[in-house]
Structures are given as structure tokens and as C-alpha cells.
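Student: Letter by letter, the chains look like this.
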Amino acid sequence: MSDTKTVTRAGARPLSPHLQVYRMPLNAVLSILHRITGAAMSVSAALVVWWFLAAATSEGYFALVNGLLTSWPGDIVLSLSVLGLWFHFCNGIRHLVWDTGSHFGRKRVRQTGILAVLVTLVLTAITLFVI
Amino acid sequence: MHEHRTERARVSGLGSARSGTGHFWEQRISAIALAFLAPFFVYSFAHALGSDYATVRAIYSQPFNAIVALGFVLVACLHLVQGLAVIIEDYVHGRAGIVWLIAMRLLVGFVALTGAFAILKIAFSA
Ligand code: HEM
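Chains A and B supply the protein sequences, listed in that same order. The working numbering puts the first residue of the first sequence at 1, with every later residue one more than the last. The working numbering puts the first residue of the second sequence at 1, with every later residue one more than the last.
One thing to keep in mind: the hints can contain errors.
[Claimed, not checked] For each label pair, taking beta carbons as the anchor points, the in silico distance ranges come out as:
no.: 1; chain 1: A; residue 1: Leu118; chain 2: B; residue 2: Leu113; range: 33 to 39 Å
no.: 2; chain 1: B; residue 1: Thr6; chain 2: A; residue 2: Gly105; range: 38 to 44 Å
no.: 3; chain 1: A; residue 1: Ala12; chain 2: B; residue 2: Leu107; range: 55 to 61 Å
no.: 4; chain 1: A; residue 1: Arg108; chain 2: B; residue 2: His4; range: 28 to 34 Å
No wet-lab data here; the hints were simulated from the structure. Where a beta carbon is used, it is the ideal one built from N, C-alpha and C, also for glycine.
Given the sequences, and given the hints that come with them, work out the whole structure.
Tutor: Structural data, given as C-alpha cells:
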């Protein structure tokens, strides 16, 4: 390939190859994250149920479990759980829409993927800082 | 051995590869239910988590909060059984896969039962 050819053709196509590479992986990453968040929430579910069991048992047992879940390691685990839940929620709704045969085009898949990530961040922020 | 049924009748109802579309639809239904339940559950739980014992019990003795929590825990566990089964079937094959599936069902079933008992006990005693 000669240099002149490369230069003239470069103007007609995207300058950074990263944008082209990025296009497919976004949805691939979201797809893997859907599975990871789904499986990881097994732990969250067990923790939440443990907390309910403690609240149903006695004030002392509740103090222990509630203390663990609101300690800093507990905070990290539960905050990640909230992030995971809202991501899985948003992406799950994308799946449900796809199951109707809608929004399956390449552009739409990317647009709804970006939207899902943004809504996930907003819902997580609301849950952690507002409620 | 005589097989009196036709080939078509023999495979009818067995589904495509394992259980096929039946489980697929069951998982969609649990997903739709969770999409409605999750925001309400997260709302009550986020309020309850920072609170003291008496307040937590008061929150979950409210019928609406208790019903949402019970529904969320039960449907999430159902959805989890369905989802983890798909994952296990993808990665673990043969006898080991069956062992994993049974263990998973028992564990998630235990979580569901414990959660349901605890939420109902709070709802009825607080
Ligand atoms: C908040 C509302 C939720 C929605 C809308 C939702 C939606 C979905 C959908 C549509 C699927 C199927 C994805 C596919 O076909 O690949 C799925 C899979 C799954 N979900 Fe959920 N879900 C929700 C909550 C949960 C919760 C709370 C848990 C865990 C306790 C969970 C665990 C899973 C698992 C383990 C899978 C299987 C993932 C896979 O096959 O890769 N989901 N979810």
C-alpha cells in the first residue's frame, strides 16, 4: 500500500480504529455482565434473606446481622448488589423487548445498550444517595 | 421391543434439546414479574436497612411492603433456579451437571423457604 493511497482513504473512514472495535464489544460486554450479575445476585439474595431471618428472630441477632451488612465491607457488597440489580433490570428489559422481535437492529442494540448503562447509573445513584 | 407410537408422537412434548421453550417462557414470565416488583422492593429495603429493629419490623408489618418483599423473594428464587439451570447446563455436562442442578435447586429452595418464613413471621407478629 502506498502512502498517498492510505492518506486519501483515511479521510473517508473513521480516524480511530478504536471506535470500530468498540462497537461490537459493547453489547458483548453487556451480555456477559447480564450473566455475571444474575449469578452474583445469588449471594445478595442469600444475604437479604439472612437479614430478614435475623429481623424475624430477635433483637440481638438482628443487631449482629444488620451490623455486618451495614459495616464497610457489607456496604461495598450491598452497593455492588444494587449496581448489579439495576444493570440486570435494565438489560433484562432489553432482553424482554428483543423477545417481542423489536429493537433488534444493529443501531438500536447499541443505542439501547448505552441507554441501559446510563439508566443503571442513575437508578444506582438514586438508590444509594436519595432513598 | 415394539414401538407402537410414531416417531413424531415419541418426541412430542419433550421439547427441543432438554426442556426447550417451556422453560424459556417461564423465565420470561418471572422476569416480567421481577421488573414490576424490584423497584418497590428496593424502595422499602433501602429505607429499612439503615433503621433500627423496631422500625424494620414496623416497615415489614405493612401489608404492601410485606407482600412486595414476599413476592420479590419468591419470584427472584424461582427466576434464579431457572437462570442458574441455564448457566449450569452451559458449563457442566453429564453426571456432574445433574449433581450441580440438584444442589442448586436445594440451596435456592432453602433460601426461598427461609425468606418466606421470615417475612411472614415479621408481618404477622410485629
Ligand atoms: C429486576 C428484574 C429482573 C429482570 C427484568 C430480569 C430479566 C432477566 C432475563 C430477561 C433473563 C434472560 C436473559 C437471556 O435470555 O439471556 C434473565 C436471566 C437471569 N437472571 Fe434475571 N432478571 C431480573 C432479576 C433477577 C434477580 C433478582 C436475579 C438473582 C437473584 C436474577 C438472576 C438471573 C440469572 C442467574 C439469569 C441467567 C443468566 C444467563 O442465562 O446468562 N435476575 N433475567
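Student: Are Leu118(A) and Leu113(B) spaced within 33 to 39 Å by their CB atoms?
Tutor: At roughly 38 Å between Cβ atoms, Leu113(B) and Leu118(A) fall inside 33 to 39 Å, so the hint holds.
Student: Taking the Cβ atom of Thr6(B) and the Cβ atom of Gly105(A), is their distance within the range 38 to 44 Å?
Tutor: Taking Cβ atoms as reference, Thr6(B) and Gly105(A) lie about 42 Å apart, which means the hint holds.
Student: Given a hint of 55 to 61 Å, does the C-beta separation of Ala12(A) and Leu107(B) actually sit inside it?
Tutor: The hint (55 to 61 Å, Cβ to Cβ) holds, given that Ala12(A) and Leu107(B) are roughly 57 Å apart.
Student: Given the hint of 28 to 34 Å, check if Arg108(A) and His4(B) actually sit that far apart at their C-beta atoms.
Tutor: For Arg108(A) and His4(B) the Cβ distance comes to about 51 Å; the hint is violated.
Hint 4 from the earlier list is the only one contradicted by this structure; the remaining hints agree with it.
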